[in-house]
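*Asks:* Chains as they are written, first to last, in our numbering: chain X, 64 to 140; chain H, 309 to 537; chain A, 2 to 727.
Just so you know, these hints were derived from the structure itself, not from any lab. Check the hints yourself; a few may be wrong.
Unchecked claim - What follows is a set of in silico ranges between Cβ atoms, one per label pair, in the way DEER data are often shown:
| # | chain 1 | residue 1 | chain 2 | residue 2 | range |
| --- | --- | --- | --- | --- | --- |
| 1 | X | LYS117 | H | GLY492 | 43 to 49 Å |
| 2 | X | GLU108 | A | HIS141 | 45 to 51 Å |
| 3 | H | TRP344 | A | LYS319 | 47 to 53 Å |
| 4 | A | PHE706 | X | GLY102 | 54 to 60 Å |
| 5 | H | SER485 | A | GLU563 | 24 to 30 Å |
All of these numbers come straight from a predicted model, not from anything done at the bench. Even glycine gets a Cβ: it sits at the ideal position worked out from N, Cα and C.
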Amino acid sequence: MIYRVYINFKKGILDPESEAIMKTISRMGFSSIKKVSKGKFFDVEISKTKKGLKDLEKISSDLLSNPVIENFKIIKK
Amino acid sequence: MSKRVVSIIVFPGSNCDRDLEIAVRNHMNVKTEYIWHNETNLKNKEMIFIPGGFSFGDYLRSGALATKSPAIKEVIRLSKKGVPIIGICNGFQILTECNLLEGSLIDNYNQLFICKECFLRVENSESMFSSNLNKSVVKFPIAHAQGNFYTSKDDLKRLEDNNQVIFRYSSEKGRVSKISNPNGSLNNIAGIINKEKNVLGLMPHPERAVDSLNDRDGIKFFNGLKNFI
Amino acid sequence: MKKLSKKIIEEHGLTEKEFSLIKNILNRDPNLLELGIFSVMWSEHCSYKSTKKWLKTLPTRGRRIICGPGENAGIIDIGDNDAIVFKMESHNHPSFIEPYQGAATGVGGIMRDVFTMGARPIANLNSLRFGSPKHSKTKHLLSGVVKGIGDYGNCVGIPTVGGECSFHESYNNNILVNAMCVGLVKKDKIFYSTAKGNGNPIIYVGSKTGRDGIHGATMASAEFDETSNENRPQVQVGDPFMEKLLLESCQELMKENAIIAIQDMGAAGLTSSSFEMASKGSCGVKLFLERVPCREENMTPYEMMLSETQERMLMIVKPSKVKLTLNIFKKWGLEAVEIGLITNTGNMEMFFKNKLVGNLPIKPLADSSPEYDRPSVKPKLKKKKRNYKNLSIEEALIKIISSPNHSSKAWVYNQYDRSVMCDTILSSEQGDAAVVRVHNSNKAISITCDCNPVFCKSNPLLGASIGVAESWRNLIASGAEPIAITDNLNFGNPEKKEIMYQIKQSIKGIKIACEALNYPVVSGNVSLYNETKKKSIFPTPVIGGVGLIKNINHAKGFKMNEGDKIYLVGESSGHLELSEYNMMCNNFEGYPPSLNLKKELKNGLFVQKFIQKYNNVVSGCHDISEGGIILALAELAISNKKGLKIQSKKSLKELKKWLFCEDQSRYLLIIKSDEEIVRYAKIKKIKIKKIANVVGESFTVTNRFDIPVKKLINYNNKWFKKFLDK
Chain X
64 MIYRVYINFK KGILDPESEA IMKTISRMGF SSIKKVSKGK FFDVEISKTK
114 KGLKDLEKIS SDLLSNPVIE NFKIIKK
Chain H
309 MSKRVVSIIV FPGSNCDRDL EIAVRNHMNV KTEYIWHNET NLKNKEMIFI
359 PGGFSFGDYL RSGALATKSP AIKEVIRLSK KGVPIIGICN GFQILTECNL
409 LEGSLIDNYN QLFICKECFL RVENSESMFS SNLNKSVVKF PIAHAQGNFY
459 TSKDDLKRLE DNNQVIFRYS SEKGRVSKIS NPNGSLNNIA GIINKEKNVL
509 GLMPHPERAV DSLNDRDGIK FFNGLKNFI
Chain A
2 MKKLSKKIIE EHGLTEKEFS LIKNILNRDP NLLELGIFSV MWSEHCSYKS
52 TKKWLKTLPT RGRRIICGPG ENAGIIDIGD NDAIVFKMES HNHPSFIEPY
102 QGAATGVGGI MRDVFTMGAR PIANLNSLRF GSPKHSKTKH LLSGVVKGIG
152 DYGNCVGIPT VGGECSFHES YNNNILVNAM CVGLVKKDKI FYSTAKGNGN
202 PIIYVGSKTG RDGIHGATMA SAEFDETSNE NRPQVQVGDP FMEKLLLESC
252 QELMKENAII AIQDMGAAGL TSSSFEMASK GSCGVKLFLE RVPCREENMT
302 PYEMMLSETQ ERMLMIVKPS KVKLTLNIFK KWGLEAVEIG LITNTGNMEM
352 FFKNKLVGNL PIKPLADSSP EYDRPSVKPK LKKKKRNYKN LSIEEALIKI
402 ISSPNHSSKA WVYNQYDRSV MCDTILSSEQ GDAAVVRVHN SNKAISITCD
452 CNPVFCKSNP LLGASIGVAE SWRNLIASGA EPIAITDNLN FGNPEKKEIM
502 YQIKQSIKGI KIACEALNYP VVSGNVSLYN ETKKKSIFPT PVIGGVGLIK
552 NINHAKGFKM NEGDKIYLVG ESSGHLELSE YNMMCNNFEG YPPSLNLKKE
602 LKNGLFVQKF IQKYNNVVSG CHDISEGGII LALAELAISN KKGLKIQSKK
652 SLKELKKWLF CEDQSRYLLI IKSDEEIVRY AKIKKIKIKK IANVVGESFT
702 VTNRFDIPVK KLINYNNKWF KKFLDK
C-alpha cells in the first residue's frame with residue numbers, strides 16, 4: 064500500500080521561499096496569481112497492517128515533518 | 309587602461325559582485341559596469357559576467373528565479389551573437405537554468421554547503437577561457453550547496469566528446485578521482501562551455517584567488533581573458 | 002476596563018511587586034497591551050534586572066573606544082577614520098527548540114545590530130556549546146545549528162571566519178548558540194538610535210509582521226520545564242535574502258543624509274525598538290498600528306507590538322527625505338511604511354483604527370525598570386571519588402586529539418563560506434584568531450571567541466579572568482594589538498544563590514582581567530535561566546575579542562616550515578588539575594591554573610613586539626591553552642602536515658607534567674633563526690626555551706615515542722564523521 068504524506072507550513076509561519084516566488088510571478092506580469100505556498104510530499108510504501116499506518120503517522124510527525132513549524136496530512140494513493 | 313568595458317550583472321542577492329569587479333578591473337585591465345537585474349538594455353556588449361551569490365535568495369532552485377529577469381533575457385539574446393559570457397557559482401546555476409549551458413547543478417552529495425580550496429585540472433586549453441592556463445592544475449576555492457553537476461548519460465557523452473569540459477576537480481597533481489570530487493559532480497566536472505564555445509560556467513571562484521596574500525591562480529585566469537575582448 | 006487576573010500577570014512573568022510598581026507609574030491599572038509591553042521591557046532579556054548592578058562595574062572606556070555598551074553594538078577606533086563595530090548575542094533557547102531557525106535568526110539578529118550602526122558586516126563568528134555526544138538530541142542539534150549559521154551568513158555573503166564548538170553534558174538540555182558579528186564603518190558615518198525632532202516620521206521597513214515568537218523575550222528569561230516541549234511558542238523563521246535586501250538598502254540610504262535614528266526590531270520587536278529610541282532621545286512617540294504591515298489577518302495591537310518577526314527595522318528620517326527613503330526601499334523590493342511620528346509628550350501613544358489603545362510614559366518605564374541585588378552564596382563543589390586512570394603520554398595525546406572537543410572541526414567550518422568578500426587572511430582553523438583585512442588597506446583586524454567553562458565552574462572569578470586572558474593571548478599570537486571585547490554571559494537561574502554567586506564572580510573576574518590588560522568591554526549580552534529540571538549549565542562567560550594588526554604582513558597563523566625552530570615563551574609549573582590530561586584520566590577535581598596578569602601582560606607584549614620587530618624570522622605563533630604544550634605542538638604538526646622533534650631531558654613523570662600542564666601566559670613562537678629571539682628575550686628578561694624543531698614527517702618526543710603525522714591527522718579527522726554518519 065502506498066500512502067502520500069503531504070507536508071506544509073503551519074498557519075502563520077513565515078514562508079520566505081513562497082514569498083520570493085510570488086514576487087517573481089508578479090514581476091513576470093501574472094496578475095491573476097494571488098498567493099503561493101510551499102509544501103512537499105513523500106510517497107511511502109507500508110505493509111497492510113494497522114501497525115503500518117500507525118508507524119507512518121509516527122514517522123510523519125517525528126521525522127518527515129518538523130512539528131515546530133510544519134503540519135502533515137496522510138492520503139491513500 | 310583599455311577602453312573596453314566588462315559588464316557584471318547584479319541581482320539583489322548577488323554577493324560576489326564586488327569581489328569579481330575588483331578582480332576583473334585589476335587583472336583584465338578594463339573598465340567595469342554593474343548592470344542591475346531589471347535593466348533591459350546592455351550598453352556594452354563586449355563581455356558579460358554573472359557573479360556568485362544567491363540572486364533571489366536561491367529559493368525554488370538556485371538561479372531559477374533569476375532567469376526571469378530582463379537582464380538575463382538580454383544575456384540570452386547576446387549569447388546568440390557570440391558575446392563571451394562567464395557565470396561563476398550562482399552565475400553557472402543561472403546559465404544552466406536558462407539553458408545556455410547543459411546540465412543542472414543539484415544538491416551536493418552530502419546535502420551540505422561546502423567551502424574549501426579545490427584543485428582543478430584544466431581540460432581544454434583551446435577554449436578562449438582557458439588558453440592562458442595551458443593544461444595545468446589551478447587552485448580556486450568553492451563555496452556552494454548546489455554544485456553537483458548532473459546531466460543525462462547521452463548529454464554527458466556529448467559534452468565530453470565535444471571537449472566542452474574545461475575544469476575538473478582533481479588532486480594537486482592533477483589526478484581525477486572520487487577522492488578529489490568535493491560535491492559529487494559527474495566526471496568531476498567543475499566548469500563547462502557551450503557548443504558554440506562563447507559561454508562558460510564554473511562553480512569554483514577564480515575571483516577569490518587573486519590575492520597576493522593567498523593564492524594567485526585566479527590572476528592567470530583573468531589575464532587570459534584580456535585577449536578575447 | 003476589565004481587571005487583569007493574577008494568572009495573566011503571572012503569565013507575563015511579572016512579580017506582584019513589579020505589578021504594583023507599574024500601577025504606581027501609571028496611576029491606574031494597565032490594560033493587556035500595556036501589561037505585555039511592561040513584561041517584555043522589564044524581562045531579564047531587555048532590562049538586565051539581575052545583572053545591571055554588576056555589569057556597571059566593568060571597564061568600558063579606553064583610548065580607542067568610540068562607543069561602549071548601551072547602543073546596538075560597541076565601536077572601536079582603528080585609525081584612518083576607520084572604526085570597527087561589534088557585538089555578540091545569544092540565541093540559546095530558540096536554538097534548542099528549533100536548531101536550524103534558532104541559530105539562523107541568531108546570526109541575522111546580530112548582523113542587524115551591526116549594520117544598523119552604519120557598518121558593513123565583514124565577519125561572523127560563533128561560540129557553540131552542545132550537550133554530551135551521548136545525549137540523544139545532540140546530533141540533531143549540532144547538525145541544525147551549524148547548517149542554520151552557515152546558510153544564513155553564506156546567503157547574505159558575510160564570511161563566517163571562526164569560533165568555537167564544544168560538548169559537555171551540562172548543556173544536554175540547554176545548548177548555547179552565541180553569535181558574534183564584526184562590521185566596518187567610517188568614523189564619521191556612524192548611525193545611532195537616539196530619536197529626535199518633534200513631528201519626524203517613523204518608518205517601518207522589512208518583513209511583514211506575523212505572530213512569530215510572541216513573548217520570545219520573556220521566554221528567554223524563563224527556566225525550561227518538562228512541558229515546554231509541547232508548549233512551544235511560535236518560532237521565528239529567518240529569511241537571509243530579506244536580510245541581504247535590508248543590508249544593501251540601508252547602506253544605500255545611509256549615504257543620503259536622511260536617517261536621524263535607526264534600530265533593528267530584535268527581541269520584543271516593535272516595543273523595544275520604539276521605546277529604546279524614544280527613551281534615548283527623551284521624546285514621545287505616536288504609533289498608528291493599523292499601518293503596520295501584517296502577514297496574518299486580524300492581528301491585534303498586542304500581537305503587533307510584541308511580535309518578533311525577523312528582518313525588520315525601524316527608523317526616524319528627515320521629513321524632507323521620506324519620499325527618497327521609500328523609493329530606495331522600493332528599488333530593493335522592500336515594503337516600507339510610515340507608521341508613526343516623534344512627539345514631545347514623552348509618552349508612547351498607540352492608536353489602532355483611530356482609537357487610543359495604549360498610552361505609556363516612556364522615561365519612567367525605561368528608568369524605573371527593576372534592578373535586583375540578588376543574594377548569592379558560594380556553591381559547595383561536590384567531590385566524587387572516582388577511579389583515575391593513568392595514561393601514557395602517547396595514549397593521552399591520541400585520546401585528546403580524537404576527542405569530540407579537540408577533533409578537527411572541518412565538518413563544521415567547511416559549511417561556512419569563509420572566503421567571500423576576499424578579505425579573509427586567516428580563518429580560525431589556521432591560527433589562534435581569525436584575521437580579516439580592512440578592505441582596500443594594509444591593515445587587518447583579528448577576532449577570537451573564548452571561554453573555559455570547566456575552569457569557570459570550579460572558580461568562576463579565575464575562570465572568567467582566564468577567558469579574558471586567553472582571548473587577549475590569542476589576539477597577540479595572531480600578531481595583533483588587542484583592543485576591546487564583547488561578552489556573552491550565559492548562566493542558570495539567577496534567583497538561585499549559587500548561580501548568582503557564579504554571575505557576580507564571573508563579572509568580577511572579567512573586570513579584573515580587562516583592567517589589567519587594558520582591554521575594555523564595549524558591548525555584551527546576558528543569557529540567564531539556562532537550566533532544565535533544576536540542572537544548570539556550567540557558567541559560560543564567552544569573551545569575543547577584537548584586535549588591530551597595523552601591518553598585514555604581521556598576521557600570524559599556525560604556519561611553519563621545514564627547519565624552523567619552536568620556542569616556548571613563559572614558565573610552566575606543571576599544573577595538571579582540570580587539564581585535558583586529567584579529564585582523559587577521569588579526574589575532574591581541582592582548581593584552574595593560577596593567572597598572573599602582570600606576567601600575562603609582560604609575556605604578551607614581548608611576543609607582540611618581537612613579531613613587529615623581527616617579522617621576517619617569525620613563521621607562526623600559537624598560544625598554549627587546553628591540552629598544554631603537547632596539544633599545541635600536535636595542532637601545528639597536523640595543520641602543516643609536517644613533523645616535529647621535541648627535545649627534553651626531563652624524567653618521565655616531569656615530562657608528562659610539562660607536556661600536558663595548562664599553565665597560563667605561554668606561547669609557542671615558530672622561528673627561522675635563533676639569534677634574534679635569544680638576544681631579544683635577554684634584553685626583555687623573558688623566559689624562553691627552544692623545545693622543538695620542524696623536521697621530517699613524524700611527531701617525535703625524543704627517546705620516548707614517535708608517531709607519523711599522517712596517523713595523527715587520521716585520529717584527528719575521525720570523530721565528527723563517525724558521529725554524524727551514525
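*Asks:* All hints are to be evaluated individually against the structure, with a verdict given for each.
*Replies:* Hints, one by one, checked against the model:
no., hint, verdict
1, LYS117(X) - GLY492(H): 43 to 49 Å, "36 Å, violated"
2, GLU108(X) - HIS141(A): 45 to 51 Å, "26 Å, violated"
3, TRP344(H) - LYS319(A): 47 to 53 Å, "26 Å, violated"
4, PHE706(A) - GLY102(X): 54 to 60 Å, "59 Å, holds"
5, SER485(H) - GLU563(A): 24 to 30 Å, "28 Å, holds"
Taken one by one, the earlier hints fail for this structure at numbers 1, 2, 3, listed in ascending order.
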